[in-house]
Amino acid sequence: MSQQERTSKKIGSLKTGRWRPSANVVMTVAVLAVAAVIIGGAILFGGKHNSSASHSDSVDPAILRRPDSNTLNEKPRDEASNTTAVKKVTLVEFLDFQCPACAAYYDNVTRKLEQDYSDRVTFVTRNFPLDVHPLAMLAARSAEAAALQGKYPQMYHALYNNYRSWALNSGAGNVSSDQQRASKLFDSYAQQIGLNLERFHRDMSSTQVQQRIERDRADGKTAGVASTPTLFVDGTKFDPSGNSFADVNRELRKVLDKELAK
Amino acid sequence: MSMLAAADVHPPIQRGLGWLYLLSGLIGLAAAAALTLEKIEKLRDPSYVPTCSLNPVISCGSVMDSSQAAAFGFPNPLIGIAAFSVLITVGVVLLSGYAAPRWFWVGMQLGATFGVVFVHWLIHASLYQIGALCPYCMAVWIVTILIFWYTTLHNTRFISLGGGRVVALLTRFHTVIPTLWCVVIAVLVLQAFWSYWSTLI
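Protein chains in written order, with my numbering: chain H, 1 to 262; chain V, 1 to 201.
No wet-lab data here; the hints were simulated from the structure.
Small disclaimer: the values here were computed from a predicted structure and weren't measured.
Just so you know, even glycine gets a beta-carbon here, dropped at the ideal spot from N, CA and C.
It is possible that part of the hints are untrue.
Unchecked claim - Partner residues are not named here, just some residues of chain H that face chain V (Cβ under 8 angstroms, in silico): (1) Ala23; (2) Met27; (3) Val31; (4) Leu32; (5) Ile39; (6) Gly40; (7) Asp131; (8) Gln191; (9) Gln192; (10) Asn196.
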């Protein structure tokens with residue numbers, strides 16, 4: 001059978017004289033080529049906005065910090081006036097309240113940094129809740145709801161200081177998805193920092209808060225943020241090379257000192 | 001065209017199908033076995049990071065931990081180990097020259113159809129619900145599509161609905177459809193994870 005096959009094939013190729021790709025091969029290659037051109041074009045065109053932002057070292061400060069973005073160490077929005085002394089350097093952090101790396105950053109780097117540099121550096125935080133963290137959005141909403149009562153920094157600290165009790169499962173230590181437990185704890189933080197609880201609840205589910213979070217997230221994407229925490233010092237992305245938090249802490253202080261000395 | 005309209009068995013086509021079953025069965029079996037081993041490792045040590053978890057998007061870990069990864073109450077790769085082993089056997093049997101009866105091909109068609117539907121449900125889950133890709137799973141996606149396509153094309157010879165011309169055309173351009181199929185999935189993958197890919201450029 002196979003011999004027959006071979007002879008018939010031979011005859012076929014003898015007839016045509018030389019080998020030519022079949023119509024099937026031509027069509028298949030054409031499909032691949034068209035797909036490659038379209039996908040390549042989409043990458044070049046669609047990627048342009050993002051790649052220019054993520055590639056270049058600095059990002060437009062207006063995107064990193066909106067006039068009403070939350071800060072940890074400036075007067076609340078409604079009280080802020082032009083008389084506030086302008087700090088020299090701005091540190092912007094895109095964070096997710098439930099992200100373990102963000103909590104570790106807070107514990108090992110930014111909490112102390114905030115105390116040491118509060119007179120010279122403006123600490124801006126932006127929301128970048130990730131879908132993989134089931135309570136990140138709820139936490140962001142409660143922080144923004146606190147901001148509407150002028151208590152953003154207090155809520156920010158309450159959320160990170162109590163990270164273990166609301167963000168993690170008590171036993172396994174992995175990321176929790178217990179909305180009920182988290183809501184209850186957030187209420188208790190709200191009471192501790194002196195929020196009007198009724199208004200807090202109303203604001204948490206308001207579209208205003210939702211829109212603020214979405215805008216933060218959109219700005220983060222424009223700025224090339226892909227993971228949390230991502231920090232920018234005066235518009236330049238902070239890319240630590242160290243392996244330990246002690247290294248990262250040293251590097252960040254060095255970058256801030258250099259920027260302050262300018 | 002007249003050659004294809006005839007309902008006789010075409011040895012070259014059957015040989016081709018034998019090789020396809022054998023090779024894609026081997027690829028599928030290797031992928032399913034690798035996933036099973038990773039799953040066992042992960043069960044033994046919950047903090048174990050699978051070798052195919054490379055970054056936030058290419059991450060077998062998140063795919064393996066999803067509820068969709070055990071669609072029937074047990075890990076999906078176990079289905080793969082059984083089904084791809086059968087496929088390898090069928091491939092070898094076809095290569096030995098066995099001319100299977102019609103009911104045999106009906107069985108192959110049912111299996112291949114179940115496989116391709118299941119795989120597309122998993123693709124949907126991977127892209128839009130889990131939000132992560134697993135390279136072993138993607139190898140299975142591709143071989144399952146090929147198996148389904150060529151099994152179906154082969155079996156159309158049992159059906160004479162007057163679609164002889166269409167079948168002849170599809171047979172003549174037999175690699176175009178699966179290529180297009182994979183291109184569409186590649187585009188969906190790119191689109192679903194666009195924000196991630198674009199940060200890599």
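Residue hint Ile39 of chain H, partner chain V, criterion CB-CB below 8 angstroms: Result: holds, 7 angstroms to nearest chain V Cβ.
Val31 of chain H as chain V interface residue, shortest Cβ-Cβ below 8 angstroms: holds, 5 angstroms
Met27 of chain H as an interface hint toward chain V, with CB separation required under 8 angstroms: With a closest approach of 5 angstroms, the Met27 of chain H hint holds.
When the least beta-carbon distance from Gln191 of chain H to chain V is tested against 8 angstroms, hint result: Violated: closest Cβ of chain V sits about 36 angstroms from Gln191 of chain H, beyond 8 angstroms.
Residue hint Asn196 of chain H, partner chain V, criterion CB-CB below 8 angstroms: Hint violated; Asn196 of chain H Cβ to chain V Cβ min 37 angstroms, cut 8 angstroms.
Status of the Gln192 of chain H interface restraint (C-beta, 8 angstroms, chain V): violated, 34 angstroms
Cut-off 8 angstroms, beta-carbon criterion: hint that Ala23 of chain H touches chain V: holds, 7 angstroms
Hint status (Cβ of Asp131 of chain H to nearest Cβ of chain V, threshold 8 angstroms): holds, 7 angstroms
Status of the Leu32 of chain H interface restraint (C-beta, 8 angstroms, chain V): It holds, given that the least Cβ distance between Leu32 of chain H and chain V is near 6 angstroms, below 8 angstroms.
Interface hint status, Gly40 of chain H versus chain V (Cβ within 8 angstroms): Hint on Gly40 of chain H: violated, closest Cβ of chain V at ~11 angstroms, above 8 angstroms.
Hints 6, 8, 9, 10, counting from the list given before, are not met by this structure.
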